[in-house]
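When you get a sec, could you build the whole thing from the sequences and use the hints?
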Amino acid sequence: MNMKVTTSIASFLLMFLASISHPVICSTFGNHTDIHSLLEFKNAVTLDPHQSLIYWNKSTHFCSWEGISCSSKNPPRVTAIDLSNKGLVGQISPSLGNLTFLRTLSLATNRFTGQIPESLGRLRRLRSLYLSNNTLQGIIPSFANCSDLSLMWLDSNELTGELPRDLPPGLEDLSFSFNNLVGTIPPTLGNITALKSFFCVFNGLNGGIPGELAALREMEILDIGSNRLSGGFPEATLNMSALVRLDLDSNRFSGKMPSGIGISLPNLQRLFIGGNFFEGNLPSSLTNASNLVKFDVASNFFTGVVPASIGNLANLTWLNLEMNQLHARSKQDWDFMDSLANCSKLQRLSLAGNQLEGQVPNSLGNFSVQLQSLYLGQNQLSGSFPSGIANLPNLIVLGLDYNRFTGYLPQWLGGQKTLQVLSLTNNNFTGYIPSSLSNLSNLIELYLDSNQFIGNIPSSFGNFQFLRVITTSYNNLHGSLPKEIFGIPTIQQVEFAFNNISGELPTEVGNAKQLMFLHLSSNNLSGDIPNTLGNCENLQEVVLDQNNFGGGIPSSFGKLISLKLLNVSHNMLSGLIPVSLGDLEQLEQLDLAFNNLTGQVPTKGIFKNSTAVQIDGNLGLCGGASELHLPECPIKNSNKSKRRISVLLKVVIPLASMVVLGIVMLLLFIWRGRKKAEPVYLPSSGREFPKVSYKDLARATNGFSTANLIGKGRYSFVYRGQLLQGSNVVAIKVFCLETRGAQKSFIAECNALRNVRHRNLVPILTACSSIDSSGNDFKALVYEFMARGDLHKLLYSTPHDESSDLCYISLAQRLSIVVDVSDAMAYLHHSHQGTIVHCDLKPSNILLDDNMTAHVGDFGLARFRTSASFGNSDSTSSFAINGTIGYVAPECAAGGQVSTAADVYSFGIVLLEIFIRRRPTDDMFKDGLSIANYAEMNIPDKMLHIVDPQLVQELGLSQDDPVTADDAADCLLSVLNIGLCCTKSAPSERMSMQEVTTKLHTIRDSYLRS
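Read left to right, the sequence shown gives residues -26 to -1, 1 to 984 (mature numbering (1 follows the signal peptide of the UniProt record, and there is no 0)).
Source of the hints: derived by calculation from the structure; they are not laboratory data. What you are looking at is a predicted structure, and each value in this text was computed from that prediction instead of being measured. Possibly wrong hints are sitting among the right ones.
SDA-like mimics (lysine to any residue), calculated; alpha carbons at most 20 Å apart, straight line [stated by the list, open to error]:
hint, residue 1, residue 2
1, Lys268, Pro257
2, Lys268, Ala216
3, Lys268, Gln243
4, Lys16, Pro68
5, Lys319, Asp270
6, Lys305, Arg378
7, Lys669, Asn702
Structural data, given as structure tokens:
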């Protein structure tokens, strides 16, 4: 009996122990699985620049490893992995599929390659998957078993294949943008009834929008632009009543827009359908979408009139109807203009490229004072200059080109102080060009060509400080060329052809250091072509034909290293053809025909190509290439001339050298005297605003609230503010004077900006040197606000950054940015009264406005030079490194003297960063590897392996493509080679900024033309 009891007790104890040991065994097994899976993931990472995984080992509990979160239950299990933006390189280990309790996996913004492991599809508890901004390839695996998955971001990779057809039904946020996906949108997407946002821009999708998507009633954002989608307007979207944003732009949709779209989608805030083949009328029901802020239907085939009720869209800021077939003929057709006066927030309106007729209604003057861009060009508008424009004080761009306007330009047009672009090309305007236009102090581009203007070109146009382009060709202008035009520091394009201008080409033309295009054909100009024209080393086109120029062709033309076209035909030029023209490597077309030129035609360079050279009508020419069929030149006895040269060498030249030396010493003495007397002062306040006090700036920034803080640097904080009610937003840079060097930085920036004027420098508005509320010194600078922020933030933004509405910079935009920056740096180095060396060029000091125009800012470390040495005594700076690590030139990092060559090096680094999209301080650049030699090692054969993958995708290239097989690839190669030329180790081997900007302009213009 006792034996039986004992046996029973023993059996019970064994059963009890078994029952309590089972979960312990499971727990041990689970922990072991999690640890093993994480260590396998770590082993698959080949580079960990931030050492984020350094403590991933068994000596510490895995729940304390960086990036790991665990459940609070016992035993703990891995529930989240967040290793985003760690610079990790390698492949994603399939072992992560064993983390059965994982809910969040974030590996975004790293450099993972290879495929997305299929094993991730086993994670039944997974809720959020972030794999954006890597280089993942292959097809998207099935996630059908991840029933809890609500967010999946796979954008900005190199994924291929089709969209998955078995996505989990609980998804709310889905992004596949910027990949290489093809095929159609699967009808099964309509089964995901919880879906709120779907991003799939910049892929290769085709076909239509399945009707099954009508079930997605929770959808708020549908962005499928820049694909190859086709068919009629997607009717399925009309059932998505919660839609806030619908982007169908740049596809192949056709047909009519649904008549009830505004009723079906009452919550729409943004509707972009431009760049398709839509036709028919704009439905009046659009005005029922009363929340609409941006509406863009550009480049379609819409007809009829603009709905008169469009003014009901009270929140509208952007209305783009350009390049359609909309008409307005009768007064009733123009009713929409009266209606638009109700859109009190409207900033941009384009009706260009339609079939609008008659006079512009006076109701234009009732438009929102916030209107900044007005495009009415390429229509059939007539009558006098629209008077309502006088009531639009904040206009930046005004386009009335290619219409039938008549009459005089009003004097009050010069009162539009904010105008930067004025285009009146191809109209019938008459009378004098009003001199009041010279009051447009911010004007950048002025197009007056192809009208019937008479009189002189106003000499007061020399007051423009930012003007880049002025065209008055094909008018009836007379008088002389105003020399003041060539004193504008930013002037790049001067076109006065086909007028009756007389007199000489002023020698002051040589002051236009930025000049690229000079077109003076078919006038009555006479005298010699000034030798100073050779100082304009950025010139690409010189067209002086059909005039009365005499004398010889200036030998200084041999210095025009960027010259592509030279036309001096049909003049009265004489003498020899300068041999130096054959040294111009960029020269593509040379027309010297019908002059009185004599002597031997050169045989090198462009003169080897008989089809590129025109020399007809010069009876005294001989020799040259055989294809020119000219007579041979006679042989002359040269002994006499040799004796004359000998005399020059022995007597004249030494004497001239002594005279020149004396003049130089005299000028140096005078300069030193002036230098001592030159004061350092603040920039003149009040160009845009009156002088401001500390109280004004505190009020403008709400007491320097952190909510208005938009940036900070070594010596300052930058705030967004509004000085006057209703005025434009400004950027206010407040210096931290308690920081050593801040006072010096403030003075340096004031000195740098007090006299410079260039469209690609951040415009300073005013300065403040005062006392704050505590009685302490207070110093601040006020700049124009740049809406796009700095280039660094923009370059590394993602589609889901709330701070940026632009997450991708196209090749054309990047080219324009580097051209803008190079223009600014060339101006600082070569086009100022002295030389300014920036010393701290980097993406965060490059700011972008609404039009993506780049502006260089932050001159707190700038140095000034007026001859061979710098103007301030502290030329080498008191800082250990004069600049920012990663961008500073090697010679400056070692404490050497700053120079323009150091700026060129920084520019080269910035250029490479823009196109490679890697910071020069990236942890992959170590042990002697820099972004410069990284680029050099991979160019040209592996160029497409190192440039930004988004660029490769945009251009439709493959990493296996030959580099020279595509114009875009050639463009990239040319740009990157410039970056390498700028980052040579020896300063003497680097290009000058003049050479850089010339070459970049050529590359950009060639790409845009192609």
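(request) Decide if the proposed pair is consistent with the structure: Lys268 and Ala216, CA atoms, cutoff 20 Å inclusive. (result) holds, 17 Å
(request) With a cut-off of 20 Å on the C-alpha distance, tell me whether Lys268 and Pro257 pass. (result) Holds, at roughly 16 Å.
(request) Take a quick look at whether Lys319 and Asp270 sit within 20 Å of each other, Cα to Cα. (result) Since the Cα atoms of Lys319 and Asp270 sit roughly 16 Å apart, the hinted pair holds (cutoff 20 Å).
(request) Please work out if Lys268 and Gln243 have their alpha carbons no farther apart than 20 Å. (result) holds, 7 Å
(request) Take a quick look at whether Lys16 and Pro68 sit within 20 Å of each other, Cα to Cα. (result) Within the cut-off at roughly 11 Å; holds.
(message) So if I understand the rule, the pair passes when the alpha-carbon distance is 20 Å or less; does Lys669 with Asn702 pass?
(response) Answer holds: Lys669 to Asn702 is near 18 Å, not above 20 Å.
(message) Check whether the Cα positions of Lys305 and Arg378 lie no farther apart than 20 Å.
(response) holds, 18 Å
Checked against the numbered hints above, the structure breaks none of them.
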